[in-house]
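With chain A fixed as given, assemble chain B with the ligand onto it according to the hints.
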Amino acid sequence: MNDMTPTREQREAALEGMGCKRKRVEDIRFTQGKGQYVDDLKLPGMVFGDFVRSPYAHAKVTKIDATEALKLPGVIAVLTAEDLKGVNLAWMPTLAGDVQMVLADGKVLYQNQEVAFVVAENRYIADDAIQLVEVEYEELPVLVDPFQSMAPDAPVLRPDLEGKMEGAHGPRKHHNHIFTWEVGDKDETSKAFAEADVTVKELISYHRTHPSPLETCQCVASMDKVKGELTVWGTFQAPHVIRTVASLLSTIPEHKIHVIAPDIGGGFGNKVGAYPGYICSIVASIVTGVPVKWVEDRMENLSTTSFARDYHMTTEIAAKSDGTVTGLKVHVLADHGGFDACADPSKWPAGFFNIVTGSYDFPAAHLEVDGVYTNKAPGGVAYRCSFRVTEAAYCIERGMDILAQKLGMDPADLRMKNFIKPEQFPYQSALGWEYDSGDYHTAMQKAMDTIGYRELRAEQKAKQEAFKRGETREIMGIGVSFFTEIVGAGPSKNCDILGVAMFDSAEIRVHPTGSVISRMGTKSQGQGHETTWAQIIATEIGIPAADIMVEEGNTDTAPYGLGTYGSRSTPVAGAAIALAARKIRNKAQMIAAHMLEVSEYDLEWDVDGFQVKGNPQARKAMKEIAWAAYHAPPPGMEPGLEAVSYYDPPNMTYPFGAYFCVMDIDVDTGVAKTRRFYALDDCGTRINPMIIEGQVHGGLTEAFAIAMGQEIRYDETGNVMGASFMDFFIPTAVETPHWETDYTVTPSPHHPIGAKGVGESPNVGGVPAFSNAVNDAFQFLGSTHIQMPHDAWRIWQAARDLGAHG
Amino acid sequence: MIPGEFTYHRPSSVAEAVAILASHGDEARPLSGGHSLIPMMKLRMAAPEHLVDLGGIADLKGIAEDGDTITVGAMTTQHELIGSDLLGARLPIIRETSLLIADPQIRYLGTLGGNVANGDPGNDMPALMQCLNAAYVLTGPDGAREVAAREFYEAAYFTALAPDEILTAVKIPVPPTGHGYAYEKLKRKVGDYATAAAAVVLTLSGGSVSTCSVALTNVADTPLYAEEAGSILTGSTLDADTVKRAVAAAEAITDPASDGRGPAEYRIKMAGIMLERALARAADRARG
Ligand SMILES: Cc1cc2nc3c(=O)[nH]c(=O)nc-3n(C[C@H](O)[C@H](O)[C@H](O)COP(=O)(O)OP(=O)(O)OC[C@H]3O[C@@H](n4cnc5c(N)ncnc54)[C@H](O)[C@@H]3O)c2cc1C
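Residue numbers (the UniProt record's numbering), protein chains in the order written: chain A, 1 to 806; chain B, 1 to 288.
The shape of chain A in the complex, shown without the other chains (with noise of 0.2 Å):
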């Protein structure tokens, strides 16, 4: 070997593979503003739509006159139920197997509901157009409160359901009721909770946020008469669910429908639905005939587009006096809106929440929630999480700490004592998930080790005595979370969309030259797909990730998948992107020994080539195999280098974490200053450890935002309030605390690289986190719950309450 020769290291480096931490390759033009966005779309002739919005929450639509409107130049059409009618389009079907109004049929649900649509030459007539338009309503009494959505006296939200007593999912109880979903063993857990030395209960409600992407929802609708096509550019998480979606809406064939998502500002669940937008644009450019842009602004965005969270959670423990838990029992009611949008599998109306047991050992659990109508806007996505399952590690976190604090141990040790231990897995849990790896007293271990777990305890207890003395006005909480998550939906057995199996795909093409062309079916909101996506090729088959495009986005090009939310695309596009790759380094195996004369059962892997094993100067380079592969593939091989993979994973994966939060809190103003988050995850096998981080900043700060005060809330008439970023809490880089992130690696035993994603952990143990450090805070004055969100003034008024003004 002479010193020209590359050295196995450098080789490996120069691929850039997993575990590197590249740079993202999608920052380049991000960070110049050169990203191209749907409102960066400007077609020939394109004009603009915009919405009549309900200032009611409730109320019969009785008139709509568009006739002055339609007198202002520059206005081309005002869009209502009526003229949507005639193409069957006055209403549309939900993900969760309901049907929503696309505009005000008759009449109104919740404050902000879409009215009209008008269509204008640009966006200021379109605005001065909507001043225009003449409704008329007439009031009718408003139902805010869930927990009186099924009172016998409650008002009629959905009269189209009137007599409906079976719904998507089963019976359905009362006029505003949606569904019950149950789970597990009830027998058993009474029989747990009759037996246990301690029982705890408390109502743990996550109030209602929003995903809130910087980029609001729009899209650019564009319909050839003379092709018969539609084209269709839109923020989509999951753009060939939007195809599907449209052509079985619209009766187009699915092969003359293109939707393209091209560069997207954010999505955390926000972007995986339909809305009617995209409705009204399709059908006014094929009522024009010109292309037709919608683009939200931030007040629709935050009042009308997918909400999340609104779960009120009753929860049980039972357990032994030594901490030991043997029962679980929750009951949630779910908040769902003026019509039931959630975007879960189409199967699981409350997606999985049964993850509820989270990281412990329970041998019996019985899960039921209700699922109810109230008027606000419809949604129940999973921001930044899998389905439903912020809430469930939020419910578990802040019942194991209630469980600590009546119990008299501490919250850390209590859950040690609890957790599922190594060997047990793989794991069946009592609401019927089979976890899949997990190494939990380690990471909770570590955790404890960095962050100083005992002496933060002991610090804290001076201060408590110091603030009895009077000395001091601050308190200091320490939150404890341990999360497990469950990601990566989904298994054909469990999870469909609209009948769809929740699989993912990838197509990889190696040209002659030796780069490579890849296509998925998910769709990067900025998670940093273009790079990680190279960096598992470049592992698999050798080839540098800077001489790897990754295109996602287009129905067009790419294979169909599913779509990115739920931390599915690393277990499920991940998984499909190392198969084909493996096929095709199968393939290059063979075209390898055929050109170095041995048997293919000679060669061996290694790096970026295979060698002749025993002799591995005899080699070929991955480039070399692929000029061949086109130039001179062995005798009867078909030429060429390329492959496809569609993935049905066998499991979910179940990335988990411990995370730690300091917290010191000033009793008099309610501001609460974190001091340290800490926060260690074990998401399997690290693709990007530099995205991970990144990953993992901003989850923790949408957790910060979501604990610490981001909400929707509607005052008792059905008025949004506060949806502008004034009021709607977006913390900016002062605000954020400092992050220490940490790891553990259990790959996940069925995953073809053993990654099992990191998207959402974050938000999903960062939640507890904060809620567990405020409630921490004032346990020592006597507090048992305070219900998030932690603003300055709901910390003020639970200090006072408990007496701690004096």
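Hints are supplied without guarantee of correctness; some may be wrong.
Cross-link-like lysine-lysine pairs, in silico, BS3-like; alpha carbons within 27 Å at most [as the list claims (entries may be wrong)]: (1) B:K244 - A:K463; (2) A:K673 - B:K187; (3) A:K71 - B:K42; (4) B:K189 - A:K673; (5) A:K468 - B:K244; (6) B:K42 - A:K42; (7) A:K186 - A:K201; (8) A:K227 - A:K256.
Coverage of chain A stretches by chain B, computed from C-beta distances (three or more under 8 Å per stretch; other residues unrestricted) [claimed, not checked]: (9) 120–128; (10) 290–304; (11) 668–677; (12) 720–726; (13) 731–740; (14) 793–800.
Hints listed in this document are in silico derivations from the structure and should not be mistaken for laboratory results.
Since this is a predicted model, take the numbers as computed values, not measurements.
Backbone N, C-alpha and C define an ideal beta-carbon position, used for all residues, glycine too.
The following block gives chain B with the ligand in isolation, referenced to the frame of chain A:
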């Protein structure tokens, strides 16, 4: 979030600007930094047909000292207030307050004149100007007049300013060297208006308060000059009992709305807490 139609004017003198305002009456509005007015127009809560941009009038800029008075031109930006060495030395509370307004991007454009003329109780400068006993110079078709900040505010967005007048300058009496000052603002995040805020300027002699003025931000539909709180404190040694009485007197004149920042009961108490903390910091500074 799209404003209605308007005509844009950019005069180069105060007289010209006043003439445009006078000829359009209520339909015209001056435009300074635009960081209060333009958001309102986007929400269509304001829909002026004529915008009179004051940005082209050189006379409206600048900070000058004349004896015991500092005069600040209306178009001086919040960023320029922070950067002024003169203000830093003679009226440091202006820098302290400006740094608590919005964020740097907004402060590059937002002006002192716009902030005090706006009449939004959430703005920070009005209470500060009341605390400092500043006067606003208002110029209309009949020439200029002065109105004390303490007399200027009538209700939210209602002030002594006539539709054909422009606020051209703010005249601020300079407190004596060695005075204590503090602006305490409680807010939810950077860029937020105050949940409650308190401005305090005081002087001490021999351990007791010789002068003290107090004003409050965003706890009523106007800024509040807390005259009684100031007089309770004057002559005291800032002992706990007197402070408590002053705080109670200040809280008593508040009448905040309940909003996303918290219910009224909370915001009233926060006005008191901000005052208490501002007093403590101001006294520390006065003691040197
Ligand atoms: C996100 C955000 C956060 C903010 N936070 C704060 C904050 O914490 N504290 C705070 O004090 N402010 C805050 N502001 C407001 C900001 O400081 C504004 O710039 C300021 O209030 C108005 O100044 P302007 O020069 O921008 O005035 P403009 O917006 O141009 O005008 C405001 C009003 O005053 C009138 N006007 C302007 N100049 C004159 C004049 N010379 N004579 C007569 N009338 C005039 C206008 O017609 C208009 O009605 C915030 C603004 C934003 C967008």
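Hints and how they fare:
no., hint, result
1, B:K244 - A:K463, "holds, 26 Å"
2, A:K673 - B:K187, "holds, 13 Å"
3, A:K71 - B:K42, "holds, 23 Å"
4, B:K189 - A:K673, "holds, 12 Å"
5, A:K468 - B:K244, "holds, 21 Å"
6, B:K42 - A:K42, "holds, 23 Å"
7, A:K186 - A:K201, "holds, 17 Å"
8, A:K227 - A:K256, "holds, 9 Å"
9, 120–128, "holds (count 5)"
10, 290–304, "holds (count 3)"
11, 668–677, "holds (count 4)"
12, 720–726, "holds (count 3)"
13, 731–740, "holds (count 4)"
14, 793–800, "holds (count 3)"
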